[in-house]
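Next come the chains, spelled out residue by residue.
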Amino acid sequence: MNTHKITQLNDANFDEWIKTADKPVLVDFWAEWCGPCKMIAPILEQIAVEEEARVGIAKLNVDNSLEVARRYEVMSIPTLILFKDGQVAKRIVGAMPKSSLMRELTPHL
Amino acid sequence: MEHKKVIIVGSGPAGLTAAIYTARADLEPMVIEGEPSSTSDQPGGQLMLTTEIENFPGFPEGLMGPELMTNMRAQAERFGASFKTAKVTKVLLDSSPFALYTSDQQDQNEPALTCDALIVATGARSIMLNLESENELIGHGLSTCATCDGFFFRGQDIAVVGGGDSALEEALFLTKFANSVTIIHRRDTLRASKIMQDRAFSNEKIRFEWNKTVTALHSKDSVLTGVTLEDTATYENTMLNVTGLFVAIGHSPNTDVFKGLLEMDDAGYIISHSGTHTSIDGVFACGDVQDHKYRQAITAAGSGCMAAIDVERWLESQH
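Those protein sequence lines, which keep their order, are chains A and B.
Our numbering puts the first residue of the first sequence at 1, with every later residue one more than the last.
Our numbering puts the first residue of the second sequence at 1, with every later residue one more than the last.
Worth flagging that the hints you see were computed from the coordinates, not collected in a lab.
Beta carbons: idealized from backbone N, C-alpha and C, even for Gly.
Just to be clear, a hint being listed does not mean it is correct.
As the list claims (entries may be wrong) - Which bits of chain A does chain B cover? Going by a derived footprint, with three or more residues having C-beta under 8 Å, they are:
no., region
1, 11-25
2, 50-57
3, 90-99
To be verified - Heads up, simulated DSS-like pairs for lysine-lysine below, C-alpha to C-alpha not over 25 Å straight-line:
no., chain 1, residue 1, chain 2, residue 2
4, A, K84, A, K5
5, A, K5, A, K23
6, A, K90, A, K23
7, B, K90, B, K259
8, B, K194, A, K98
9, B, K205, B, K194
10, A, K98, A, K84
11, A, K98, B, K87
12, B, K220, A, K90
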């Protein structure tokens, strides 16, 4: 798996990373105990490689980074938030197939 | 178009057990496992949304639902089962081989797959409340997955709708996080098992609203703030302020693509006979899709094993 393409974010590095990103960033709010989160993990790994030019993929574990999760009112995981220029451009709640995910994301890339 | 001897639709305990057994019988089964989602309609099925499973024999310390399903899938794969991450959109069962269309195929004009024997193990899904703004509030206070979302309701007052084992299991799990959990039930007694009832009644964070149904959802800034409860006898309305609502009011079989093709009961469950045979020769059904009575991981797995053995014998009898 191409996990090296995926950035691990936390409460400490989140703001800096989102602010300085040179392309849109899709952040996956997830946790170990969430079944549907596990389901979309491989899909995000694929997108990280295939769409590397257009979007960065990052993961934020809500278990140890609750502050960022609270700030963005994440109440259900997985939640995927696409950030463009540091701003929320799109919010996707719940797991879904890759084709549906790309349909949601593409207009914003 | 690809041909398989055996195709299994569904990847819960029934489908995966059928896959393990048919793979070990060298039938090279293909499992059409479903698509990722945050409802129980996903690869792995309903157990993907549960936490600790304490009653699956062989695991004295219990294990997590997703872990059990990941293990079953790996076991099926080890013996040569193949997997397709897609949903079946249409089936043709009027002649042999049977034909299947799947959600991932580009050309919908001809079937993606054909097979000699078909095992239907599509399971059941949770019923929703069918209230206005229900879909918009999913992920914003309304949840289909206590294990996914319970964590976010730390210190809050929340509610669970339902009176069966799943409702009580969710409520007990949620007490780990919530300030209080109100169980809303339309009757004055619970359907749940004795052990779950005892646990719920002795949990000081759990309270009950008996003989009540949820008739409206209230929200502010797109986040749930409360629900309207209606008394089933007096029709009196009361407001319950909760920031989280978890729905566990029962199940409905995933049989839409088989409607009109396989014999079903009034609720849409497939009728199986002589083990796992259905109304069409060569089509077999196992797990919750043909069982609204037992609905356990172990009974689903058991009937998946039966379906695999029935398929093996049926294929032999075709020569």
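Can you list which hints this structure breaks, lowest number first? Violated hints (numbers, rising): 1, 2 and 8; every other hint is consistent with the structure.
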